[in-house]
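**Student:** If you read the sequences in order, they're chains A and B. Residues 73 to 346, numbered by this note's numbering, are exactly what the first sequence covers, in order. Residues 297 to 735, numbered by this note's numbering, are exactly what the second sequence covers, in order.
You may find that some hints are simply not true.
Okay, the calculated bits of chain B under chain A, using three or more residues with CB under 8 Å as the criterion [said to hold, decoys possible]:
#, region
1, 357-369
2, 438-449
3, 530-538
4, 543-550
5, 678-684
6, 696-709
Mimicking DSBU-like on lysine-lysine, the simulated pairs with C-alpha atoms at most 30 Å apart in a straight line are [stated by the list, open to error]:
#, chain 1, residue 1, chain 2, residue 2
7, B, Lys390, B, Lys330
8, B, Lys330, A, Lys239
9, B, Lys659, B, Lys627
10, A, Lys238, B, Lys330
11, B, Lys330, B, Lys307
Just so you know, the hints here were simulated from the structure itself, not pulled from any lab data. Think of the CB as a built atom: it goes at the ideal place given N, C-alpha and C, for glycine as much as any other residue.
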Amino acid sequence: MTPEVFARLVHGLIAACFIVGLMLVVAETVRMEQRGLARVSRLLAVIMTVFATVAWSYRWYVSGHIPLFGTYESGLSLTTAVLGVALAWEIKTGGRVSVLPMASLIAGGILLHACRFDATIYPLTISEQSLVVDFHAFCAWIAMGFWSASAALSVRLCLGGDDAEKKIGRWFGWSIQTGFLAHSAMMASGALYRFLLFGSAWSFDPMETMGLTVWLGYGTLLHLRLLGRWPDRRIAAWNLFLFVLLLLSYRLIVYFPAWSSYHILDLNLRIHVT
Amino acid sequence: MIKPVNTNPWKLGRLAYLVRRTWPGFGRFAGSWKLSIVLMVVWAFYSVLLVIWSSSSPPHIVRNIAGLFPFQVVYAGLLINTLVCLWLRLPLLKRSLLKGMTTQGVNPRWSQPTPGIRDYSEAAVLGNRWGYTMTTGDSGMTYGIKGRWTMLGNFIFHSGFFFIALGFMVSFQLRDEATLCLAEGEGFTNAREQFLDRKPSAWFSQDYSDLSLQVSTIVPRFWRDELLFTSLQAAIVVDQGRSAMTAINRPVPLSWCQFLRLSGFGYTPRYELTTLDGSVLESSFLKLSVFPPGRRDFFHLLHFPHRVYVRLYPDYVAQDGGPATQSCELKRPRFEIQIFRMKQLIAEGLLAPGESLAFEGIKIGFPELRYWGEFSLVRDPGMSLLFFGLTLGLIGLVLSLGGARAEIRWRPGHDQSGGVLEGWLAAHDPGRELTGGNL
Numbered sequence: 073m074t075p076e077v078f079a080r081l082v083h084g085l086i087a088a089c090f091i092v093g094l095m096l097v098v099a100e101t102v103r104m105e106q107r108g109l110a111r112v113s114r115l116l117a118v119i120m121t122v123f124a125t126v127a128w129s130y131r132w133y134v135s136g137h138i139p140l141f142g143t144y145e146s147g148l149s150l151t152t153a154v155l156g157v158a159l160a161w162e163i164k165t166g167g168r169v170s171v172l173p174m175a176s177l178i179a180g181g182i183l184l185h186a187c188r189f190d191a192t193i194y195p196l197t198i199s200e201q202s203l204v205v206d207f208h209a210f211c212a213w214i215a216m217g218f219w220s221a222s223a224a225l226s227v228r229l230c231l232g233g234d235d236a237e238k239k240i241g242r243w244f245g246w247s248i249q250t251g252f253l254a255h256s257a258m259m260a261s262g263a264l265y266r267f268l269l270f271g272s273a274w275s276f277d278p279m280e281t282m283g284l285t286v287w288l289g290y291g292t293l294l295h296l297r298l299l300g301r302w303p304d305r306r307i308a309a310w311n312l313f314l315f316v317l318l319l320l321s322y323r324l325i326v327y328f329p330a331w332s333s334y335h336i337l338d339l340n341l342r343i344h345v346t
Numbered sequence: 297m298i299k300p301v302n303t304n305p306w307k308l309g310r311l312a313y314l315v316r317r318t319w320p321g322f323g324r325f326a327g328s329w330k331l332s333i334v335l336m337v338v339w340a341f342y343s344v345l346l347v348i349w350s351s352s353s354p355p356h357i358v359r360n361i362a363g364l365f366p367f368q369v370v371y372a373g374l375l376i377n378t379l380v381c382l383w384l385r386l387p388l389l390k391r392s393l394l395k396g397m398t399t400q401g402v403n404p405r406w407s408q409p410t411p412g413i414r415d416y417s418e419a420a421v422l423g424n425r426w427g428y429t430m431t432t433g434d435s436g437m438t439y440g441i442k443g444r445w446t447m448l449g450n451f452i453f454h455s456g457f458f459f460i461a462l463g464f465m466v467s468f469q470l471r472d473e474a475t476l477c478l479a480e481g482e483g484f485t486n487a488r489e490q491f492l493d494r495k496p497s498a499w500f501s502q503d504y505s506d507l508s509l510q511v512s513t514i515v516p517r518f519w520r521d522e523l524l525f526t527s528l529q530a531a532i533v534v535d536q537g538r539s540a541m542t543a544i545n546r547p548v549p550l551s552w553c554q555f556l557r558l559s560g561f562g563y564t565p566r567y568e569l570t571t572l573d574g575s576v577l578e579s580s581f582l583k584l585s586v587f588p589p590g591r592r593d594f595f596h597l598l599h600f601p602h603r604v605y606v607r608l609y610p611d612y613v614a615q616d617g618g619p620a621t622q623s624c625e626l627k628r629p630r631f632e633i634q635i636f637r638m639k640q641l642i643a644e645g646l647l648a649p650g651e652s653l654a655f656e657g658i659k660i661g662f663p664e665l666r667y668w669g670e671f672s673l674v675r676d677p678g679m680s681l682l683f684f685g686l687t688l689g690l691i692g693l694v695l696s697l698g699g700a701r702a703e704i705r706w707r708p709g710h711d712q713s714g715g716v717l718e719g720w721l722a723a724h725d726p727g728r729e730l731t732g733g734n735l
């Protein structure tokens, strides 16, 4: 596969995400027959996830490392994770509680943003050559997958009636808790790796601080749900706001000055010696 | 005669009275989940401000801001709030860990006939499928419990905060850091010139006289001709003979709280000053800051008034009429030197290893070139506490994934008509329909 073909594959994936997402939104709006919609959404989820996994695997193969280096690679990985979690969700719930419409749109948006950055393949610098950083990145992708699922369920809760709350409630709670666990694991592994790299576990780097802000926000969400007994629809609205913050925390770092953060991994944005 | 201690019982009694009177109110306030929310939101707001400062202020300024009084109030407030919350919820924790049913005498939240289930074993199979741990009691009652460990997980997660806070406090007070500069083949002698930087702890200064460290080799690898390390490792010998490899992201533990890692790199040429007939006058290795290529550094001759400026081109190539380097690999090193006496330029030239430049009756050359490494030595007892707290937090989160404690009970019906399933605390999954064919 040449780089041009690969680029077309990626652009096709972006288009597929948006088209499928919009199709499913329309289908749900006009209330397509439930079982048929479930079958179609599962099939589309499988196709898109396969598409994304092929692109991600190919990038891994040609670059020689897990795609985590730079905004482009991390965007590709996040897209694959969001779609992968959405597919797993379809299978787990039997299509009854689908997150695919919103997850497709989120995946397409992330990949569209990523394609605006340099896609040149660089070898991993020393500071990214570690199993700890691989685990850190993996937790970040899984967290994004589950937060996207919870955001998708939040949209359903906000737009649906009381039936939606009864149907989705258990899954909604589970998506938030699992996302919180993955996010916490990401922060813990990040602290460990920062210690290995710099000798201290925390430095208030903007990426670290943004991650902490989002973690605190989701912490309030869990407290409001479990202790405050807020109804799920109110929680859903707060969850959507936090999801926007989460997206910003994941993607905004590349707009910071190069000297302000060691998390800027795009080589054309900084002299990245180590 | 023993004189009684002058304690005023009225004062002590009054104090005890005040504590007992205000404790319930204080307990309710300090242990309130609403206070938790407020403190978390305030901390999140502070964090947003820190992020904004990060875009315009150097990192050390941002770190100092994060240690100011308003932040400390939030940190302390959250710790006190967490402690009181956990204390007040201890009875609930004890209850949630019980093996048996805790909801006897309480009306079930939901109940559902089970026409397809006629005995205890079939009910147990259904309960197990729903994630409950089913038990048949002495009286023949079949009940199931799930989420028994969730509250414990919650406690463990929140307990981690105290270890993390303690870790940071200990680190802040006791952290000792030193940056060493050692060339290949050089051993640590505790000489002042081997230290690039020292940051002793607030309470004591670490003694490094017993540090055993010898650098064997330093091996850099670059990607193509770019200023991009793909590998930078140092082979060292520590602890009177233990060999180890260290890299930027691979510290070598010297003890339970002391770590050494390679944190920088440079070139160490050996200069040789000779007479015109070759007798050596001076010779020494120099740890020059001439990396990355293009940087210029200087040194003074020991017994002569001259100052020598040096640039190193590791992979020399002539470009646009001047010297340049193709890569950072030491393939064709060249030294571009300028020799000054006071402010007067005496001589300049481009030397390969082994070549020399004559000036004022003497010659200078660079016969040997090695690497030097910057080694970061950190002693921080707080890190172990901090990572223990993080580990506790993650274990607690995993335990609490099971969801809130829920109990179900199955009662047989009359006249072989199947039974009734009753549930407490967790919502019944409306998607599950109970028919005989589901078992």
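**Student:** Hint by hint, which ones does the structure fall short of?
**Tutor:** 2, 3, 11
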